[in-house]
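Here's the letter readout for the chains.
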Amino acid sequence: MISTQPVTRGLIAPTDVLAVDDLQVSYRSDRGEVRAVGGVTFGLKPGERLGLVGESGCGKTTTALAIMRLIRPPGRIVGGRILLRDGGGEIDLASLSDERMRRTRLSEVALIPQGSMNSLNPVKRIGDHFADSIQAHERRVPDSEIRDRTADVLKMVGLRESTAKLYPHELSGGMKQRVCIALSITLSPKVIIADEPTSALDVVVQRHVMETLGAVQQRLNAAVILVGHDMGLLAQFVDRLGVMYAGKLVELAPIKDLFENPLHPYTRLLISSLPTLDQRGTFHGVPGLPPSLLNLPVGCLFAPRCPSVMERCSVETPPLQEVAPGHWAACHLYRTTAVPVVTAVVAANETEMPRDAGGHNGLPYRE
Amino acid sequence: MPPMTNLLEMRNVTQVFGDVNKGGTVAVDNLSYTISADQPSFTAVVGESGSGKTTIARILLGFQEPSEGQVLYRGHDLAKAPRDISNQFRREVQAVFQDPFEVYNPFYKVDHILDVPIKKFKLASGRAATRALMEEALTRVGLRPEETLGRYPHQLSGGQRQRITVARAILLKPRLIVADEPVSMVDASLRATILQTLRALNEDLGISFVYITHDLTTAYQVSDNILVLYRGRVAEMGDVTSVIKNPQHPYTQLLVASIPLPDPNRRWGENVVAASQDEMSDFRAGCTFAPRCPYVMDICRSTVPPLYQIDPHRASACFLAPQANPDDLPTVEGDVTGVFQPSERLLALTGASDGGSGDPLITDIASQTR
Amino acid sequence: MGTILVGQVAPAADTATPGIRRKLGIATYLKRNPKLIAGLLMFSSLLLFSALGPLFIDRELARPMSAIPSQPPSSTFPFGTDDQGRNLLAVAVVGLPLTLQVGLIAGFVAIVLGTVLGLTAGYVGGITDMLIRGICDILLTVPGLVVLITVAASIQGAISVQMMALVVASLAWMWPARTIRSQVLTLRERAYVQMAKLSGMKTPEIIFREIMPNLLPFLAASFVGSVAAAILASIGLEALGLGPQNEPTLGMTIYWAISFNAVIRGMWWWLTMPIVAIVILFISLFMISAGLDEIANPRLRKVSS
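Protein chains in written order, with the numbering used here: chain S, 14 to 380; chain H, 791 to 1160; chain E, -15 to 289.
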């Protein structure tokens, strides 16, 4: 069912394989409700690579876990739908029973969790991990078939069949991560969610693992949601990128559009803070701290740190709007009905520190 | 010009874990490297996990005694140094670690990490003076003392905690800071700020840095010199711009090609990265990179390549180097520090013409009148 | 350009991460740890009983021939009397603190000895560690009760309560020493210990200022365990008749009850009093220990839903 909300209609299409509609996840803590994800909407096309980027606490991992229904108390999904479309029908993962969700996991939607190489059972051989997954979903599969399928899937990630006989500690970090990728595709899911799959790996291995993931995804024609904080990595891999801040999606666009023309001030600051190989000695930070998710301010959540903040921003929450074809941003700067009144311009992103400035201690701002 | 005093000197340091004959690893293989006491430097040590870079950090900080070789602090053997020398060592050599949470004892408030060194090194006496010193250091890193002091570690963000660690290093005004992946666990928006602070400490206060990372981009941004390690041996070293923009060693080339550039128009090429099926093998009879090298030659497998000095400020341990150069290339034996170029600006700042009194010549921001 | 950021007051949130890690106030936490509360309440009521008891009954009545012998519980003798004329209520009032005393002294000595040795062995390592571990392991294989019986039996004359405590403690320190040592081994490599070294702290100071505070919940749990073990050992010895003959402890009461065939003679109240007291004592210690275990091991903490 397409959302009846006019604004979000473009974000989700009937051909999407996965549609997240106004997802809300909260954690109950002693000091109140922490709103980890506050109404996130996006659609995933079949075979597409979508990225979710943001800093700690922005809700990207929570979103990924919510799609997999892996949120544990004191957290819970408090609103929205997660529609998985398969063939003719669609099911709302948010409202499935635990048992049905268990069967859907791995077979339809698979997760490569953060630090997954550390979640391999150290006392089991690699092959046993695969056997467990297969047997948990399908009944009475003969051992020979399990062995064959394991060998196939290991080959897909560039590992030899003999790897199945090894124990996790006998593998390097990169190999373990590729085993985790292989585990996630054992049952040929339609959607693979990878949460920071390369965070502990160095650059060369990281590239190899990402290329493996890409090859696998293309073989299966699965869609991938890549969650991470490394904009560089995402720029290399994804087709579309969503930027999250304080539990909300603030920008969503095809990757080239996003980098060539970042609309949201937060995206702009993020991109300009990335170290590059172009010019040495230029450091741009993003001042301030994200808001406490316990006590969210009214209006735009980025307003306190925004260099282009207007009066309207602390009063009215900007909705995610399609500013250019396929390019969505949640910012009052692009509201056609708004008359921007600039009250405070803070040039946070123009703080290029010349290398021989002796006066400053290197920091133009306070936190 | 007076002779340079060496703050720290690694002489033929080798570190082996486990028994080499039975699958043990050689973390550091016969490395000789010096850090000057008078000339501040900013050196990046880059390599993959297992390259030995963390081991080098531990050795420099005196946490690990090398299996072979010596570490000298101002001429004294660190392993046998008497108490007063090792106290002085602690004062002059400090660290910033990777994990902004683990460095805090969860039992104490964050103040603990600042007031312990103040007391131990007698940097201030009395509560008022101690407090003032802490506040000044925190302000320098852009934190507000009233929002950070008196809090427990879990009440602050990762970025704040890491900045406090940097503030601690500032307090001590050491001669050398070993920074082991100081920003890899910090959010992107704060990385630039912290790196900027480190750079400023180097330029304004003359503190030398050994910046350990696997992130070539930040190494490029913040250091002057770079040492690329592969499996415990130096693969390439020299001025950071030439090494990264024009890498000569195939491993450096591989590293640079694998950097995920934040530019969707410049994606990783189609060239197949030399497959890492042999990730686990440790080949030491010849060049350690031979099993993975796309340009491997017979000599690479049989002989350990010496460190060829390609130009006054660059060296590469690869047999390709003499092939590309018609003249005989000098090789670097023993201490490799000579390949590094001292920053001219820093030379001017610390006035290398002044007497080497052994007293660190520290210029403070307030007193800098140049 | 280099303009300076002005007037950006970041909201002074006192948690920057969404309330997942928090320091719970002691009161709020205790509300969620019913085992600890129940255990502490039970134990305190026993303590209260020992403390306030003498106000209600004369301690001298615990001596023989101070009441009519062999009386079942009644309003004059709430717990009855034994066959030598001891008022069993008075015996409870006198015996309970004696038993607790043994347990607390023994537990305390065991934990102090075990902690010091465990901390040293774990942190210093090397030969010291080998020595301490060696002694520990050898003594652990010694069948404690047999040794205790031999020692107690060979001490001539009456053995005092304190003596008993020390005898028990001498064989109770090994387990805490071992477990604390392994905790220290894990904590020793923590980054904050390295930080302390960099800040100029020396080894003894690191052990006591950095490592030990993080072991406190663990130490407390070990302490309770030691106390329980010590009480059990002392009661065991007493019940075999090897305890202080002149003191009406709980264990001795059991001994006399068995020796003088209380059950056959139908004097059920004689055995019941010490047994009930001991059962309450152990249940309370067990619950405290389980509650402390939860604090020491956060994974066991119940998550609020």
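The hints are simulated quantities; they were obtained by calculation from the structure and are not laboratory data.
Nothing here was measured: the structure is a model prediction, and the numbers come from that model.
Don't take every hint at face value.
[To be verified] In silico lysine-lysine, DSS-like type, Cα no more than 30 Å apart, as pairs: (1) Lys910/H <-> Lys186/E; (2) Lys870/H <-> Lys186/E; (3) Lys870/H <-> Lys269/S; (4) Lys909/H <-> Lys181/E; (5) Lys186/E <-> Lys1035/H; (6) Lys181/E <-> Lys910/H; (7) Lys963/H <-> Lys910/H; (8) Lys909/H <-> Lys19/E; (9) Lys186/E <-> Lys899/H; (10) Lys899/H <-> Lys909/H; (11) Lys181/E <-> Lys912/H; (12) Lys912/H <-> Lys186/E; (13) Lys19/E <-> Lys870/H; (14) Lys870/H <-> Lys137/S; (15) Lys178/S <-> Lys1035/H; (16) Lys812/H <-> Lys181/E; (17) Lys168/S <-> Lys203/S; (18) Lys168/S <-> Lys137/S; (19) Lys137/S <-> Lys178/S; (20) Lys963/H <-> Lys19/E.
For this session: Would you check the hint for Lys812/H and Lys181/E, treating anything up to 30 Å between C-alpha atoms as holding?
Result: violated (33 Å)
Exercise. Are Lys186/E and Lys1035/H close enough, with their CA atoms no more than 30 Å apart?
Worked result: Not OK: Lys186/E and Lys1035/H at ~46 Å, beyond 30 Å, violated.
Exercise. Within a Cα-Cα threshold of 30 Å, do Lys899/H and Lys909/H meet the stated pairing?
Worked result: With a Cα-Cα distance of about 16 Å, the restraint between Lys899/H and Lys909/H holds, given a limit of 30 Å.
Exercise. CA of Lys137/S to CA of Lys178/S, is that 30 Å or under?
Worked result: The given pair, whose Cα atoms are some 9 Å apart, holds under the 30 Å limit.
For this session: Would you check the hint for Lys19/E and Lys870/H, treating anything up to 30 Å between C-alpha atoms as holding?
Result: violated (53 Å)
Exercise. Between Lys168/S and Lys203/S, is the straight-line Cα distance small enough, at 30 Å or below?
Worked result: It holds: about 20 Å lies between the C-alpha atoms, which stays within 30 Å.
Problem set entry | Restraint check for Lys870/H with Lys137/S, where alpha carbons must lie at most 30 Å apart | violated (46 Å)
Exercise. Regarding the pair Lys909/H and Lys19/E, is the alpha-carbon distance no greater than 30 Å?
Worked result: Violated. Lys909/H to Lys19/E sits at ~42 Å, over the 30 Å cutoff.
Exercise. Would the pair Lys181/E and Lys910/H pass a check requiring their Cα atoms to be no farther apart than 30 Å?
Worked result: Distance ~11 Å between Lys181/E and Lys910/H Cα, so the pair holds.
Exercise. If you draw a straight line from the CA of Lys912/H to the CA of Lys186/E, is it 30 Å or shorter?
Worked result: holds (15 Å)
Problem set entry | Pair hint Lys178/S and Lys1035/H, alpha-carbon separation not exceeding 30 Å | violated (43 Å)
For this session: Verify the proposed pairing of Lys870/H with Lys186/E, using a straight-line Cα cut of 30 Å.
Result: Holds. Lys870/H to Lys186/E sits at ~16 Å (cutoff 30 Å).
Checked against the numbered hints listed earlier, the structure breaks hints 3, 5, 8, 13, 14, 15, 16, 20; every other hint is satisfied.
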